[in-house]
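S.K.: In order, the protein sequence lines correspond to chains A and B. Numbered according to the numbering used here, the first sequence spans residues 1 to 515. Numbered according to the numbering used here, the second sequence spans residues 1 to 515.
One or more hints might be untrue.
Which copy is meant is left open, so a pair is good if it fits within one copy or across any two.
Said to hold, decoys possible - Mimicking SDA-like on lysine to any residue, the simulated pairs with C-alpha atoms at most 20 Å apart in a straight line are:
id, residue 1, residue 2
1, LYS31, VAL53
2, LYS487, GLY119
3, LYS501, ASN475
4, LYS49, VAL436
5, LYS33, ALA233
6, LYS49, LEU291
7, LYS86, ALA5
No lab work stands behind these hints, which were simulated from the structure alone.
Protein chains: 2
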Amino acid sequence: MAAYAYTVYYGTFIHLPRLPEQPATPTSPPKYKLSINHGALWVSRPDGKIAGVDWEVKDENGLGELIERMGWRVEGEGEGVGELVKIVRSREQRNGFFFPGFIDTHIHAPQYPNSGIFGSSTLLDWLETYTFPLESSFGNKENPSEPPQSAHTAYNRVVSRTLSHGTTCAAYFATIHVPATNLLATVCHTKGQRALVGRVCMDNHALCPAYYRDESTASSLAATRASIAHIRALDPSSTLIRPIITPRFAPSCTPAALSQLGALAASTSPPTPIQTHISENLNEISLVAELFPTAKSYADVYDSAGLLTPHTILAHAVHLSADERALVAARGSAVAHCPASNSAIGSGLCPVRELLDEGITVGLGTDVSGGWSPSILETVRQACLISRLVRFSNTSAAAAGPEEGGKGTGREKISVEEGLYLATRGGARVVGLQDVIGGFGVGMYWDAQMVEIGEPVDTGGDADNDGNRGGYASNVDIFGWESWEEKIAKLVWNGDDRNVKAVWVAGRLVHGESC
Amino acid sequence: MAAYAYTVYYGTFIHLPRLPEQPATPTSPPKYKLSINHGALWVSRPDGKIAGVDWEVKDENGLGELIERMGWRVEGEGEGVGELVKIVRSREQRNGFFFPGFIDTHIHAPQYPNSGIFGSSTLLDWLETYTFPLESSFGNKENPSEPPQSAHTAYNRVVSRTLSHGTTCAAYFATIHVPATNLLATVCHTKGQRALVGRVCMDNHALCPAYYRDESTASSLAATRASIAHIRALDPSSTLIRPIITPRFAPSCTPAALSQLGALAASTSPPTPIQTHISENLNEISLVAELFPTAKSYADVYDSAGLLTPHTILAHAVHLSADERALVAARGSAVAHCPASNSAIGSGLCPVRELLDEGITVGLGTDVSGGWSPSILETVRQACLISRLVRFSNTSAAAAGPEEGGKGTGREKISVEEGLYLATRGGARVVGLQDVIGGFGVGMYWDAQMVEIGEPVDTGGDADNDGNRGGYASNVDIFGWESWEEKIAKLVWNGDDRNVKAVWVAGRLVHGESC
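Produce the complete structure using the sequences and hints provided.
M.R.: Here it is, written out as structure tokens:
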């Protein structure tokens, strides 16, 4: 294969411009608007970063002029002397475009085989019935230093699946097992998915089942350190894979472990990121109050342990009090909003607008397998839906507004554009990579997906009349009159992995085919 | 093509057994359980009805013995003298099975091109902004007696799409236009989808836009009669296509029209079915109270007009009062639960368990395009999700129970099996066809889908290592240890039209390929 210097992407590019980080107010709401450009963008092969853009390139002639102006020669075309480039085009006739890769800010890789299996459980019985038994199987009793074959199968599958849905970066919870956690990091590295990978800490013997827990606080810390060391050795520059300190949630950890994990995070430079759960379920909140009687709140449990940092990802945050929201905002910690999971296991309706209005960074998480789907696009849908129901919720302050029967103001609603912002820009901030992923800009990584919504429906007649029953070009029906904004709305509501034709991370093709 | 007498379906058959029609009580909750049989079932070609079943047929030898015992000869095999049969097998290795077709009890066919386009609107502004402009385009100003080409495109597409998602029967709202309504009936008839097709009545000039309304009460009734006559002529036996009287909803009709439509429904034998909307949105309910100041309630508006009958489908019923629920139950009217729509346009969380507990028949509706998806499987998912959130709703009596922080009892939750029951048996009762569709039984129509969940993940290694990136056999990952109940749960949560390999209505293949 020729060593080309750049890949030139040509076609339509859609992303969400980055908004200022200060919180919005009801009188100056943020404007989430698609940025739609047609032209060329080129990615440097050695580092996978965007090296330049030219939105003046209107057609193939313009593309040829750009190539000539840059002194490039195109792979397979002629004998020029300049740097070799490869061209990848989005297909206009299929409503194709390039979009930033999705960022999944909360996903439990080992739970993937249980996707869709949760019955009518809620958090605490769901953990006991479905989750802990599956996670415990990632240990290998016969050969504790090697992950079992089932871990290879599950981790290969979940990484391939999430890539196929356009997820270019994920913050993964693994299990308590160091070999399997390290395997997950290796699978991400091999397949080329950007990832934060965390060994789960569970040293509270009073609450974790005997068959699935750390032996002691000391062993929990030692295992965490071992996994961090492995991941740093796997990717010394932390370009693709990074470790993340992962106390499961307050009830599964002793106060000593929480504090020591907080200190461990602070001991590195830059500080090691942290991920955990908070205020997902009302019974869980009661349990935390019982277990930590001197804490002012659930959030205070983490804050007292040094775990609320600007590098902390808090999953769920469905039922935070106003004081807790203020504390999270003050510490600069971020929230992984997991609406699919919150609905599936009946945790509640997270008032995302309140979090955003108070200056908290929010991204989206699939929370597989509390959430049933590996798709961030599905998570965008669920975030939009839940935001439209928050005003009916009896646990939300948003219920106080004037709209429709005295409830809600309308501001609580998340638009398709805002959902996509949370899935890209928001997620990038949550994982601390807002300067290099989540959008298209010179110097940012080419973490991207090529999406095709599909060709317009043939208005000349229905395929069925020719005996071609249901053999549509796409799963999304475009009738030809839609604006780009409407086409994107159709994609968000009825699109799926079929629409994701290719995925790149740092310029490397990691799913699908280059065109 | 040889004229065979029967199609013999061989493989796994899953359906939900029909439950008694009396309401359940908290102390005797209904048991929704999958019935899973392996064997053979045969469908008579002339009438498309199930002529016999044999669950003792365990393998191909057993199938051969059945054929011999019945004196059949198999198409393409030998020269026997008995009746010719064709054999269709579900593929066990792909976790294939036969399942009853889905019944969509509420769908607006003309709105299909707007699927996914609704912004942040709620019912009344959604109608003005998105829906009425699209529906009005189904009239043809140049040639009022012919539907426009766009109606052909939209109706062919929506019927093909819903068939491809396994919908074998649908209760359609059309528009106010007789030619386009008749076209919809013809498209359903041609493509072979069982359907109730209704011309929409909108004669209230104070509330319907000038560009989209019936000219008068008299013309509204005359147009309704004309469309009914066309549909009866199209299918005189009403085997496949039936007319349904369709006042859009109380605010769009004058009291005179409502009463005359009620009388029209009662004037035929058997009575003509009726469909309309009720209590979808809080502002809509206020509007009805304003418009009908002497009515006791929204439900009473319909009851006073003779529109609450045992053949009436009421879409939504999100916010019915206890008195209204009792009235609906007493009249034997049914509810089309449309959870996707209710979330998408922020109508609220329908307390389905309350409806069921009080003896009201409930089926599922996609409510395209208030709902974004033509899929009843998606609607099952949304029904399950919403039922898990109802206990957080401030408008639901279910919020009073003791579970988790004083809210809900757990009984409000709809299981995957119950969701599938509502999508098949429930829907069959809603459309008045519970004796002939919704399940598998001798004498019932073969309205069915062949579903394949997919082959189990190869535990020997991941395809990606062979360069086969993401090219999975299925969109649902089966790991090999799942029970049928767990496989069905995985299908419900992550399945889609890719899993629907073939669809039959009254024995006729209407989508996909016979195997």
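S.K.: Hints the structure violates: just list their numbers, smallest first.
M.R.: 1, 5, 6
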